[in-house]
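In the order they appear, the protein sequences are chains A and B. According to the working numbering, the first sequence is numbered sequentially starting from 511. According to the working numbering, the second sequence is numbered sequentially starting from 740.
Keep in mind that the hints are not guaranteed to be accurate.
[Stated by the list, open to error] 25 Å max Cα-Cα, derived SDA-like pairs, lysine to any residue:
#, chain 1, residue 1, chain 2, residue 2
1, A, K728, B, W982
2, A, K614, B, F940
3, B, K1061, A, T710
4, A, K614, A, E580
5, B, K1061, A, E706
6, A, K728, A, A755
7, B, K1061, A, D705
8, A, K728, A, V539
9, A, K614, B, M944
10, A, K728, A, E580
11, B, K1061, A, R542
12, B, K1061, B, W982
13, A, K614, B, I824
14, B, K1061, A, R652
15, A, K614, B, W982
16, B, K1061, A, T701
17, B, K1061, A, A755
18, A, K728, A, W680
19, A, K614, B, P825
20, B, K1061, A, T654
21, A, K728, B, R923
No wet-lab data here; the hints were simulated from the structure.
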Amino acid sequence: MSDDSHEELLAQRETAHDEERQREAEPSVGARRAAAALAGVANVPGVAKPDPILVADDMSRRFGGVTAVEVEHLEVQRGTITALIGPNGAGKSTFFNLITGFDKPNSGRWSFDGKDISGAPSFRIARHGMVRTFQLTKALTRLTSLENLMLGATGQRGERLLASLLRPSWARQEADIRARAEELLGRFNLTHMRDEFAGTMSGGQRKLLEMARALMVKPDMILLDEPMAGVNPALTQSLLGHIEALRDEGMTIVLVEHDMDVIMSISDWVVCFAQGQVIAEGRPDDIRRDTAVIDAYLGTHRSLQEEDPS
Amino acid sequence: MDVLAVLSVAIRGALGPEAAIYALAAIGLNIHFGYTGLLNFGQVGFMLVGAYGTAISVLSFDAPLWVGVIVGMACAVVLALILGIPTLRLRGDYLAIATIAAAEVLRYVYRSSFAEPVTGGVFGLVQFADGLYALNPFSGPLELGPLRFSDRALWLMTVAWGTTFLAAALVWLLVHSPWGRVLRAVREDEDAARSLGKNVFAYKMQALVLGGVLGALAGSLLAINSQAITPDAFIPIITFYLWTIMILGGASRVLGPILGSIVFWFLLTFLDAFLRSAMSAGWIPGTLLVPSDIGAVRFAAVGLGLMLLMMFRPAGLIGNQKELRLDVR
């Protein structure tokens, strides 16, 4: 088993290197499309985007006396990778929880794809096509990888209590879902774990599984809460590859991440949170030079890195 | 000591209608805990409303027995809704507290003097199941060597085991469907299921109702079996026997509760018969144990057996040992 996994790791690393080289060579279709769409947008917090998929207004969430989130206006451009950055406790994850219905705001309205979804329960928001993953991965440990993925499909007839007793009424749909799940397992290099309990997977594999499972919902927008946390560098590269591929297919991705190299290399737009508020947003290169972001989050060393002679 | 007699008593216990009834109630509990992860510590409350729903319908409203059984199950639906609506949105422990309290509250209400005209108070109700006994197709007792089943026992065993296996078949169909997959996902992680667009509250409610209805059906059968019920037959310890049975057999296994119940009743009746005959044969000195202690000692022995099982087969007799070794969360 160790030989196998070693070879696998090498292969994984090799593909990751290839992908990295490719990325450095030229921006992908999606990246160019996103750059073009965002070309005329100013670097002002709360700025309007040409084709926003998510629009949030006056969002606030208070925990006792602490205001965790206070966002006046935020738009997310369709078909981009938008990164949320900011110091710990800045309200990024809370904002995630609010817009996905996992937490209720004290005030605020938000719409997704033109539909007002303010205050809708989390499962309904997911059905609208906005799906999230979690900072602490939630693999369903005593379900197999395949079952984890198959669960993600929406509109399953067999998930209704009475219909579930009539196998012929859902057998065909189940077969389609199984085929789609197996395809996604293949795409994320998890085919060998197909019938293993998700609880036997490594942390990195769980991250992949969770992302694949979210894709089973066929979302228009996927929110990733620290997808790279606790993942080895080779797997990070392959995760990045998957994220960029999704954007190139037209999906909108919002991610919370602390690894600035990751942020700078893949995101089309960066939103910086501090003390619950959006203090800056813009293209990665502009954000790197933004004094408010440097003061609140990056620090001078990180911001000046590219001008560093060494 | 007659070993054969002791064994035949134990086998009669393991195959008797009580074993089937406890298995049925444990199947309901298995839907709650084994598949959905709901902590129901008041399954006996569902049995109580089922038993009294049946008996009261027949005695007070002159309904046929089958209508009474349906009324009993309907009572369980109402109880599940009352328990579920406020607690299922909260963390799991709230349901545990609510169910254990509700079962006791129900027992006190049914035995109270103001309810006596309907429920018979502490004296309970008798003679409401003649309708079923009138249908008995068995005309004589069955004798298999030292085993002897009366025609009445045979008929009850047929009805009780028939119902239990039908319920097991129903559960098998349900859990091997996408519906069952959602249920297990809810058990593993509610938020993950929500993030994939599943209405977790609705699934938990469906599971609570379904398991409660099976508990009520078991309660009805228990009432029919003895033709007499009192509220004090539905004490909280019954719920814990059901938990023991479910864990003994293997939670989240379709046949786990059935096997668990057979083993549980075999051990219980075997120990009882064994201790009694050992005592009358003079093997156990009267200074050590008196006959009135046997009831307690056999439960202590079952508890010991359960502890050994947890140490050496923690997932139960037919549970998936691999599944249990996974760290949950």
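message = Could you work out which of the previously given hints the structure breaks and list their numbers from low to high?
response = 1, 10, 11, 15 and 17
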